[in-house]
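There are 4 protein chains.
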Amino acid sequence: MTMEKLIKKAYVESVEGRRQGDKIKEVKEIQKYILNAKNIVVPNKTKEKVKAINEVLEKFGIQKAKHLKFYTDACDLNRTPAISKALMALDIVDCDLVIARGRLGVPGSGSMLVIMDSKGRILSAALSPPHIIHKKSVEKAVKDEMTTALKRIGLNEKHES
Amino acid sequence: MTMEKLIKKAYVESVEGRRQGDKIKEVKEIQKYILNAKNIVVPNKTKEKVKAINEVLEKFGIQKAKHLKFYTDACDLNRTPAISKALMALDIVDCDLVIARGRLGVPGSGSMLVIMDSKGRILSAALSPPHIIHKKSVEKAVKDEMTTALKRIGLNEKHES
Amino acid sequence: MTMEKLIKKAYVESVEGRRQGDKIKEVKEIQKYILNAKNIVVPNKTKEKVKAINEVLEKFGIQKAKHLKFYTDACDLNRTPAISKALMALDIVDCDLVIARGRLGVPGSGSMLVIMDSKGRILSAALSPPHIIHKKSVEKAVKDEMTTALKRIGLNEKHES
Amino acid sequence: MTMEKLIKKAYVESVEGRRQGDKIKEVKEIQKYILNAKNIVVPNKTKEKVKAINEVLEKFGIQKAKHLKFYTDACDLNRTPAISKALMALDIVDCDLVIARGRLGVPGSGSMLVIMDSKGRILSAALSPPHIIHKKSVEKAVKDEMTTALKRIGLNEKHES
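Protein chains in written order, with the UniProt record's numbering: chain A, 1 to 161; chain B, 1 to 161; chain C, 1 to 161; chain D, 1 to 161.
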């Protein structure tokens, strides 16, 4: 079944009051979409985060992402900066998948990494505390978020024993 | 400084390209807002999640939340169900703070607990994998999310040694 | 130039503070997208509005829209019901273009007809006062909105003299 | 009844499938909110549009708006620039009402003037074609939009006979 058909079925279940939570075939469809993505972009001012993201994608057997260098600061004047950054990438390039990292909400609310499909739908995400609280390097924080965002929807590193 | 002034300053830093990440005074302002909230609501069809949330709030010395019983299923026909559920609560009642739990994105994408202020701004959040993956009880998942959402912005349980 | 390239250029102009308003080639790109759409859907509980919309589309030489019968009431528990209805249609079917009609904002705020592309971007729209104020038939209101939404971006009826 | 109670009632009607369109008391509540607003802001880079808006507000017996001078260009890298501009104003100042004018959707889609309350809810709006199509002066376009946005929800100029 396509993503659209699965979503339609889930929406009908919600309206009719008989939705019981996420289904395994919905999770599998998200996995399939991410594993099959051919054209993945990461909008960002600088290259470093893209490198960190690509190290994780490779471990999971996912296509490497391209850096979409752009003025992403503008997305911070917004209530959901990370989600807005992902949508902005969709607006300006053709791609299968966007991986965007930015602030979760208001200044001080920490960061969010979001995985979005070609229609602007959110497939997965991960959060980090504000940097001044977690004290991790940005590189480590981005890798942890990317890993969490994939693992939480059941994806695994290829050579995990 | 008020939340509005801090946000304005942060926005100016972003536009002028000199924003360096969340600041400790921004995080403190979020903490203060949550600790001082007098009227907290949790929109939900049933009472169970409200009970789990209140057990956590109490440990952190935060005002107990009221159950806003409502037709929250409608929010699932949406790209960001948890965020939409929080906004819907704001639309229909007066309150300081909304704590809403719902789906993160598309069906299969797992859940999000979001903490929103009286203007609809996101202060913190936490995510869980889809239930069929984590296998936790809903009660445990909600408590873990509520705890994570508070700890990630530097709040702590009152009697923690 | 593709829509994506035009949008990217416009975004750069905005960030660099030299954007001067909409350009004729941007408007032409929107026109071309709408005139070339092959698969247009109108999400709605009933058929009547689809019929009214199709009468207008035909006059403008645009492909007829298909009725996407669905539970669109859920979109009314939302801050931008018409826009949410269009996005919901994108979530559940594959299409080039969505034309959705719903409430503009809060209850009492009147209606909006929105034209959205396959990525969820708004191409045009039109508004009507609340029905109790304009007293037009729904059919007449929908036709007027559809006509206005097309004319405001420079499209014209085919046999207009 | 307060705005919140009216919205709650309307949401229940929608979920239960018995909503019949906007009600006169909902429209009256919007009117009352706008007529009683004490602190109105207009976010904009320059003063000219604020002046045009205030000339119209005065004719309708509404409190004059203050200019919120800010970097509003950032809101154009967004799918709903006018709505985002209004929300950005709410983020950075305390006010009863925001009147924001910006682009409706994608570059080329023309403009939108939106009236938003203190919680971020849309009360009314008006649209204009892209400037290169209507050829009106910006001042005239803004005045026409402001007038339309008020008249469509039943407000009238004070000395109209």
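Any given hint could turn out to be false.
The list treats identical chains as one, so a pair stands whether inside a single copy or across any two.
As the list claims (entries may be wrong) - Straight-line Cα separation of at most 25 Å, SDA-like style, residue types lysine to any residue; simulated pairs: (1) Lys5 to Gln31; (2) Lys45 to Val12; (3) Lys69 to Arg19; (4) Lys47 to Gly17.
Worth flagging that the hints you see were computed from the coordinates, not collected in a lab.
Hint check results:
1. Lys5 to Gln31: within (16 Å within a copy, 30 Å between copies)
2. Lys45 to Val12: between (41 Å within a copy, 13 Å between copies)
3. Lys69 to Arg19: between (41 Å within a copy, 18 Å between copies)
4. Lys47 to Gly17: Close across copies (16 Å), not inside one copy (46 Å); limit 25 Å.
Violation of the numbered hints given earlier is absent; every hint is satisfied by the structure.
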